[in-house]
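Each protein sequence line maps, in turn, to chains G and B.
Residue numbering for the first sequence follows the numbering used here, beginning at 1 and increasing consecutively.
Residue numbering for the second sequence follows the numbering used here, beginning at 1 and increasing consecutively.
Be a bit skeptical, because a hint or two may be false.
Stated by the list, open to error - Heads up, incomplete: computed chain G residues facing chain B, CB under 7 Å, no partners named:
#1 G33
#2 F45
#3 A166
#4 S191
#5 F194
These are calculated hints, taken from the structure and not from any lab test.
Every residue gets a Cβ at the ideal spot worked out from N, C-alpha and C, and that includes glycine.
Here is what each chain is made of, one letter per residue.
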Amino acid sequence: MKRCPFQRKLSLILILSFLIFFGCKEYSEHTGGVTVTMKEATAPFDDKEIVESIPRIPKNPVLVNTRYQGGFFWTETRHDKIERFRCSNCHNNNEAPIDKAAKVAHGNIVLVHGPENKPLKCFTCHNQDERDFLNTERGTKIEMDHSYQMCGQCHFRQKRDWVGGAHGKRISYWAGKRTVMNCASCHDPHSPKFAKKWPKTYSLALSD
Amino acid sequence: MDSRENKKDLIQKRNTHQDEKLCGRREFLKGAVKAAALGGSMMMTGCGTSLTGSKEEFVLEWKEYFKGNYRLMTQEERDETVRRMERLAKLKMGADVKISSRGPRKQVLYGYAFNISRCKGYMDCVAACVKENNLDRKSKTQYIRIFEKEHGNMNVTSGNGKYFHEVPAENHFYMGVQCFHCENAPCIKACPIKATWREPDGIVVVDYNWCIGCRYCMAACPYWGRRFNWNKPEVPLKDLTRKQHYLGNRMRTKGVMEKCTFCVQRTREGKMPACAEACPTGSRVFGNLLDPKSEIRYVLKNKKVFRMKEDLGTDPKYWYFMD
Ligand code: SF4
Ligand code: SF4
Chain G
1 MKRCPFQRKL SLILILSFLI FFGCKEYSEH TGGVTVTMKE ATAPFDDKEI
51 VESIPRIPKN PVLVNTRYQG GFFWTETRHD KIERFRCSNC HNNNEAPIDK
101 AAKVAHGNIV LVHGPENKPL KCFTCHNQDE RDFLNTERGT KIEMDHSYQM
151 CGQCHFRQKR DWVGGAHGKR ISYWAGKRTV MNCASCHDPH SPKFAKKWPK
201 TYSLALSD
Chain B
1 MDSRENKKDL IQKRNTHQDE KLCGRREFLK GAVKAAALGG SMMMTGCGTS
51 LTGSKEEFVL EWKEYFKGNY RLMTQEERDE TVRRMERLAK LKMGADVKIS
101 SRGPRKQVLY GYAFNISRCK GYMDCVAACV KENNLDRKSK TQYIRIFEKE
151 HGNMNVTSGN GKYFHEVPAE NHFYMGVQCF HCENAPCIKA CPIKATWREP
201 DGIVVVDYNW CIGCRYCMAA CPYWGRRFNW NKPEVPLKDL TRKQHYLGNR
251 MRTKGVMEKC TFCVQRTREG KMPACAEACP TGSRVFGNLL DPKSEIRYVL
301 KNKKVFRMKE DLGTDPKYWY FMD
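Work the whole structure out from these sequences, hints included.
In structure tokens form, the structure reads like this:
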């Protein structure tokens, strides 16, 4: 019996398509890709192995009094960033020599914060009676270290994102205990808008 | 007992076989190595160390030349090659580098998100990347491109990548592009010799010693994510980043492909990539996609996100989002 001349070719094609099908399976096996892989990953991540190599940064973090989706988190302290803290060293009822007072008074502060027709004033945020502290709209005394609570009064969307992780940034490490930058680490609280400036470098055209 | 004898037999058979047959490519090369090493060392003792470097360097170079593909090496072999490279860096450049061969961490899949409504085009990330990854200063190689685009322009193939003026410009937004570490990466499929692959933690890497520089992967990448070394990369010794990784920022040679590695030398130690750490606006979010409490998971869950050219099915692990 003579075989059909195409039969061999046909079986070859079949085998080839079989191979191609299974060759491609490497990826299509998890169709949906990374989105599905991610959704299926619900087990808590154990970063103990990595944490060992991570030094605690910064040295004196402040425990934020809100929790994020993973529990507690920390932020940078403000106290050691503020020149001449404590404020009450000067802002007390003692007399100060006038030349010294002029030198350390806050003439260098540029206040560009809030709506143009109704800008913020010093005592919108600073506690008038106890100068080491801030003061919320409701009159609650707030420590400088927890200034994010002040910002969050108006910028509640940004604060929500800061707590969750879509605004602001972590300090140095993606793993380990979560420590993020404070609002005032990046924004000058007196003029919080980012300045126009020259870019750090420039790019050439891609060669290809 | 039996199996050992069998082996002996086999070896003998192979040897006789070899004698009969013409030398195979590998055997020929091995022979050539020995001959050259012998000749070389003889020359070396004659000429001293001034001209072509020391004998030690010569031997290390040869061993390096005939090593295997990194992906197929055992951990011991990886450590060996890394030690050789450290020694060579010392001998050749006088640099004390530390090259790591750390493998991926368990239960980790790296992901990245970029906030296009926050980026101001400052390019601190680009500068930090060049420094961290020892990129060639001569040709001004950069892994990251920042494109300046007019508001409302969502066409991914347009935008000014060469702006140089004060930023942010009125009515413009900025979009960073780099290797997206696709889960279904076309570049990997294009490589004829498997010199580029996806690591278990999702980072797409290149073995710079295995790459033959054919640039197929560059043509296959739809995101302009890869960079080719047309010349010998040059980095001033004082600017050299000494903490390196085999798959990351160790010095490349002329004629090999390289690309963003999510700073594998940093991220596998728990650190953020250099770009994310340098960004002064917090537009760059990096983290573990398999960690339900990570920042990146928060972004993907709560923000409007999109990926570039999603319809291609490359499945990048790099999202753009808006506030
Ligand atoms: S962006 Fe390009 S180089 Fe990076 S993994 Fe995807 S295809 Fe490969
Ligand atoms: S350039 Fe290198 S990595 Fe890219 S396809 Fe060719 S051999 Fe593979």
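Now for the hints, and whether the structure bears them out:
Satisfaction of the interface hint for G33 (chain G) is found here, the shortest Cβ-Cβ separation to chain B being roughly 4 Å, below the 7 Å cut-off. At its closest, the beta carbon of F45 (chain G) sits 3 Å from a beta carbon of chain B; the interface hint therefore holds under the 7 Å criterion. Look at A166 (chain G): its Cβ gets to within about 5 Å of chain B, closer than 7 Å, so that hint holds up. With 7 Å as the threshold, the beta carbon of S191 (chain G) stays out of range of chain B, its nearest partner Cβ sitting at about 15 Å, so the hint is violated.
Residue-level restraint check for F194 (chain G) holds (minimum Cβ-Cβ distance to chain B is 6 Å; threshold 7 Å).
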